[in-house]
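Peer 1: Residue numbers (this note's numbering), protein chains in the order written: chain R, 1 to 132; chain S, 1 to 77.
Simulated from the structure, these hints should not be mistaken for laboratory data. Predicted model only: the values in this text are computed from it and were never measured. We put the beta carbon where it would ideally sit given N, CA and C, even for glycine. Careful: at least some of the hints might be erroneous.
[Stated by the list, open to error] From chain R, some residues computed to sit far from chain S (all C-beta separations above 12 angstroms):
no., residue
1, R73
2, G88
3, L106
[To be verified] To spell it out: a stretch of chain S is covered by chain R in this simulated footprint if at least three of its residues, at any positions, have a beta carbon under 8 angstroms from a beta carbon of chain R; those stretches are:
no., region
4, 7 to 15
5, 41 to 47
6, 65 to 74
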Amino acid sequence: MTIAVWWAIGMAGVVGLACCLREPVRRTRAAWARRHQAQRRAEALLLGWLSPDQRRQYQAHGWFEVTTTRGYRYRVLRGGVVRLDPVGSGYCIEATSPVPAADEMLANKLLLETDERRFLATAHRYRYDRPA
Amino acid sequence: MTGTIHVADVDGDTTRTWDTADPATVREIEEVFLEAQTAGRLVYRQTGDGRGEQVTLKTWNPEKDTELFMAPRLAGG
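Isolated chain R (complex conformation) (with noise of 0.2 angstroms):
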């Protein structure tokens, strides 16, 4: 064959491809788009049930601090919970339903916030002796 003919089995294998993958990216891409809509839309309702303090320290680092009513204080991050003062502990909770990160952080702080024992008694509690 010469080589004309393997840069047409070439080129007919290459849009041969390109039209199977069209759809799964294009459900890729949708997804994706789709996530991250919900996490700009989680972001902004946590953004406005945090309090002013809250709301620089999320901005800057991404966490933020909640003292509980017996004054111990954490720090919310995205994947869990440190416990700063005092120190040495640190807490795995997470939703059992598909929400994002954002949402998980609003469900965490005001668990802790309102009922910090049973914050305690829900998360899985790990020794934790670094500030995050």
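Chain S: place on chain R using the hints.
Peer 2: Frame of chain R; chain S shown alone:
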């Protein structure tokens, strides 16, 4: 008086609103409270100082508690 409840979900949240002048909309929100209770989810009302308070169907005042958040159920990870 109108109010809004934000139900956390995969899309960030779904917003439901009520108007105390329209009892049907208030009843719809009461259903949301019952669903939350069944699913083990907590509902919070927003206080003015960047904090929240847990609120239940019994303690909810649709005239006063006009900004609500239904949190996802949490579990140890």
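Peer 1: Look at each hint and say if it fits the structure.
Peer 2: Against the structure, the hints come out as follows:
no.	hint	result
1	R73	holds, 15 angstroms
2	G88	holds, 18 angstroms
3	L106	violated, 7 angstroms
4	7 to 15	holds (count 6)
5	41 to 47	holds (count 3)
6	65 to 74	holds (count 5)
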